[in-house]
Amino acid sequence: MTSSDVINYTLPNGLQVLLKPIHTAPVVSNWIWYRVGGRNEQPGKTGISHWVEHMMFKGTPTFPKGRIMLEVNRNGGVLNGFTSQDYTAYFEILPADRLELALRIESDRMANSVIDANEVTSERTVIISEREGNENNPEWALHEEVMATAFRVHPYGHMVIGWKDDLHNITRDDLHQHYKMYYGPHNAVLVIAGDIDVDATQTRIEELFGPIPAGPPPPHFNIKEPAQQSERRVVVRNPAATAYFHAAYHGCAGADEDMFPLLVLESVLSGSNIGGGTPTHRSARLYKALVETEIAAYAGAHFHAGIDPSPIHFIGTVRSGRTLAEFEAALKAEIARLVDEPVSEAELAKVRKQTRAQFAYTIERVSSQAQWLGFLEMMGDWRLFDTFTDRLAAVTAQDVQRVAQKYLQPTNRTVGWFEPQAQE
Amino acid sequence: MNLQFSKHTLSNGLNVIVKENHHAQSVVVRGYLHGGANWDTADTAGTAAFATGVMRRGTKNRTFTEINETVESVAATVYVNAGRHMVGFGGKSLAEDFSLLVELMTDNLLCPTFPEQEIEKLRGQIITDLQELDDDPRGLARRHFRELLYGPNHPYGRPVDGTLATMPGLNRQHLLDFYRRLHPRDGAIVVVGDVQADAVCDTLEAALGGWQPAHTPVNSDLPPLQPLTTAVRKNHPMPSKSQTDLVLGSLGPVRTAPDFYAAYVGDTILGQLGLGGRIGQSVRDEHGLAYYARSSLQGGLGPGPWLVYAGVNPGVVEQAVDLILAEITRFRQAPVTAEELADAKAYLTGILPLQMETNEGVAWILLESHIYQLGDDYIARYPDLINNVTAEAVLAAAQKYLNDEIFALAVAGPNNQSERSQ
Numbered sequence: 001m002t003s004s005d006v007i008n009y010t011l012p013n014g015l016q017v018l019l020k021p022i023h024t025a026p027v028v029s030n031w032i033w034y035r036v037g038g039r040n041e042q043p044g045k046t047g048i049s050h051w052v053e054h055m056m057f058k059g060t061p062t063f064p065k066g067r068i069m070l071e072v073n074r075n076g077g078v079l080n081g082f083t084s085q086d087y088t089a090y091f092e093i094l095p096a097d098r099l100e101l102a103l104r105i106e107s108d109r110m111a112n113s114v115i116d117a118n119e120v121t122s123e124r125t126v127i128i129s130e131r132e133g134n135e136n137n138p139e140w141a142l143h144e145e146v147m148a149t150a151f152r153v154h155p156y157g158h159m160v161i162g163w164k165d166d167l168h169n170i171t172r173d174d175l176h177q178h179y180k181m182y183y184g185p186h187n188a189v190l191v192i193a194g195d196i197d198v199d200a201t202q203t204r205i206e207e208l209f210g211p212i213p214a215g216p217p218p219p220h221f222n223i224k225e226p227a228q229q230s231e232r233r234v235v236v237r238n239p240a241a242t243a244y245f246h247a248a249y250h251g252c253a254g255a256d257e258d259m260f261p262l263l264v265l266e267s268v269l270s271g272s273n274i275g276g277g278t279p280t281h282r283s284a285r286l287y288k289a290l291v292e293t294e295i296a297a298y299a300g301a302h303f304h305a306g307i308d309p310s311p312i313h314f315i316g317t318v319r320s321g322r323t324l325a326e327f328e329a330a331l332k333a334e335i336a337r338l339v340d341e342p343v344s345e346a347e348l349a350k351v352r353k354q355t356r357a358q359f360a361y362t363i364e365r366v367s368s369q370a371q372w373l374g375f376l377e378m379m380g381d382w383r384l385f386d387t388f389t390d391r392l393a394a395v396t397a398q399d400v401q402r403v404a405q406k407y408l409q410p411t412n413r414t415v416g417w418f419e420p421q422a423q424e
Numbered sequence: 001m002n003l004q005f006s007k008h009t010l011s012n013g014l015n016v017i018v019k020e021n022h023h024a025q026s027v028v029v030r031g032y033l034h035g036g037a038n039w040d041t042a043d044t045a046g047t048a049a050f051a052t053g054v055m056r057r058g059t060k061n062r063t064f065t066e067i068n069e070t071v072e073s074v075a076a077t078v079y080v081n082a083g084r085h086m087v088g089f090g091g092k093s094l095a096e097d098f099s100l101l102v103e104l105m106t107d108n109l110l111c112p113t114f115p116e117q118e119i120e121k122l123r124g125q126i127i128t129d130l131q132e133l134d135d136d137p138r139g140l141a142r143r144h145f146r147e148l149l150y151g152p153n154h155p156y157g158r159p160v161d162g163t164l165a166t167m168p169g170l171n172r173q174h175l176l177d178f179y180r181r182l183h184p185r186d187g188a189i190v191v192v193g194d195v196q197a198d199a200v201c202d203t204l205e206a207a208l209g210g211w212q213p214a215h216t217p218v219n220s221d222l223p224p225l226q227p228l229t230t231a232v233r234k235n236h237p238m239p240s241k242s243q244t245d246l247v248l249g250s251l252g253p254v255r256t257a258p259d260f261y262a263a264y265v266g267d268t269i270l271g272q273l274g275l276g277g278r279i280g281q282s283v284r285d286e287h288g289l290a291y292y293a294r295s296s297l298q299g300g301l302g303p304g305p306w307l308v309y310a311g312v313n314p315g316v317v318e319q320a321v322d323l324i325l326a327e328i329t330r331f332r333q334a335p336v337t338a339e340e341l342a343d344a345k346a347y348l349t350g351i352l353p354l355q356m357e358t359n360e361g362v363a364w365i366l367l368e369s370h371i372y373q374l375g376d377d378y379i380a381r382y383p384d385l386i387n388n389v390t391a392e393a394v395l396a397a398a399q400k401y402l403n404d405e406i407f408a409l410a411v412a413g414p415n416n417q418s419e420r421s422q
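Residue numbers (the numbering used here), protein chains in the order written: chain A, 1 to 424; chain B, 1 to 422.
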């Protein structure tokens, strides 16, 4: 796939459109991306972006409550939505001749979601239930504490689902205002990949999305997390049987030139991780140093660059009979190795092959191609799709060592321990 | 829709099914052999999963580290695992690495050495996983549900992955004994991707055709089930948790039952369509009690469960149970509406192209078709199998398999009431 295969244009109302015709299967995937997520939330309103996403399934005058999902299902399709720190996305995957339905739904709910007060009341308990389900997981609870400790100013410090008190307090008017502020053609990207007739698709996009007026520009975002000056530590103690570790080092933003060296660093530590269903962590450094040595049942590094500087995560499950201190000491030794020594050419060659293969696996689905294009556009430029594997392949051992020395400093980290307590 | 594929039988009786797909760069292999956790006893629960896990952790030709390095250097995956009736094996790679994929897969199947050191490493990881499960309301609710539904003396009532009681007692001999019962006859291997069918068959014959164990394949018939005669309930108090998980259900049809498709269409209406069918509509959408509330039909070679599951606030568990039972009552009392039936059929038939978009999806359908002997024209017949289901047939399946008075209910989470029977 190259950029020449993608049709990119913008409607007068500001809606950016990316079309990628693919005729290998009679399937089409329609995505709409809004530039709003946890990042855009104020204290006291955390979780509001995710809640608006829920309300987008509650209906419009044209598609009353329950009809959106049902209409897609009865046309042989699936749909969903998700909210991240940086964006909110909705998608439908349908038999190719049913694209019209997806376009009608997304153009309609871009402007006409009802956000009914009774539905807000009903959904409040659903969302609190979703949060309580997360709270049942000790790793999630530790993650939340680590993020809240690592970020003192920037909204990345709260989980996308929001703090529970905020979920009790957010009102219908808050939700409606958030919806009107961020949902509109001027703040959205429509991505369609699959078995489409380009001319006919463009015509319907113009007819359905063209009349939607552009709203006022969303509030300017200018929050920067101050540089961390010293190590921070947090300990969570709850009844459980297993100890968990989670450290977060402040990293770079998705558009930063350091992103690719950090992605290679992540791969050297715990395998390439760009999708495709083939785990590659067991030949990587952390597995050898922590799992093979029987300190941990799991150990991994994860870097998902967002719009703003994002953390490099190190997480692990401590093996029964071993300790968090042992885990942390072994992890620190591996980090010191990255800082002190260049990675080997063999490791770099492996990462290149893993990346090339996983990219090939991932784009076998038209929906994955659309998702990649939309995600990259949210981060800065969808054209990165063309050069992604080449940019990774160009990373040198010196690049990896440089970013290790730059970011993996003790003063730049927040260390979280989950210490299991005996059940009550 | 139809699907052209080729079939072949290796000289040892292993069936080979190949579907060429030259749109993709990858190749996917999915295989199975008879044998699995149903061979375990109450005292040796977890043996099949443990044994298959160790099969990948050292062979006559490679150590575990060397296997990982070889596989992951080309971003492939190679697996061996255990279900209840079957041992699964296979992998995925770029088509250019297919020969290596077969070589590694064959090595795991034919040449495992069961190194003591790897046995102990994996045992520790499994025990840690089981300890995590003991802290997971959703996992516990599902485990208790199976114990209630099938009873502790039936293989279906036991966890495939073993228990904290059985895992310490399993030794290398247990694993070897399991492995030595495996036989390729009547197993199958499906290959889908950017490959040539003739070359695939030649490669697999050369690699696996000589695997001809002297023993007779083991009969794996299930012992008879003792169906429930009353409602049974298990509460697992977990005071430190935030949410309560519940699983409620009964025995469903086997995959090959004549009324399987009626139950399948019915399940789509009961707990799948939209936000979870009628169950989701009631529990989540109308009453706001849960983030997830759905049903699931798990027909397999034996009678899998037909169940409803939900995660709810601890204060509304009984209300959620009552709503679920009310929906089951309604589902058993009156036929589904013509609109519901049409929606379910449109969904189940319309979604087929989506399921077959990837090599994995095609491989699964071909494997399913082979395991349950659905016929080479299964995909072509599938729309009729679904569209021929009537509202009366759905009602009959609901009345036969679901019951609002006789069921198993497992609840795990905070603030549960004391254990009681209903």
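It is possible that some hints are incorrect.
To list a few chain B residues with every Cβ distance to chain A over 12 Å, as calculated [claimed, not checked]:
(1) Gln25
(2) Gly88
(3) Ala206
(4) Ala214
(5) Met238
(6) Glu318
(7) Thr390
Partner residues are not named here, just some residues of chain B that face chain A (Cβ under 8 Å, in silico) [stated by the list, open to error]:
(8) Gly311
(9) Asn313
(10) Gly315
(11) Thr358
Don't read these hints as lab results, they were simulated from the structure. All C-beta atoms, glycine included, are put in the ideal place defined by N, C-alpha and C.
Quick rundown of the hints versus the structure:
no., hint, verdict
1, Gln25, "violated (4 Å)"
2, Gly88, "holds (15 Å)"
3, Ala206, "holds (25 Å)"
4, Ala214, "holds (34 Å)"
5, Met238, "violated (8 Å)"
6, Glu318, "holds (16 Å)"
7, Thr390, "holds (18 Å)"
8, Gly311, "holds (5 Å)"
9, Asn313, "holds (6 Å)"
10, Gly315, "violated (10 Å)"
11, Thr358, "holds (5 Å)"
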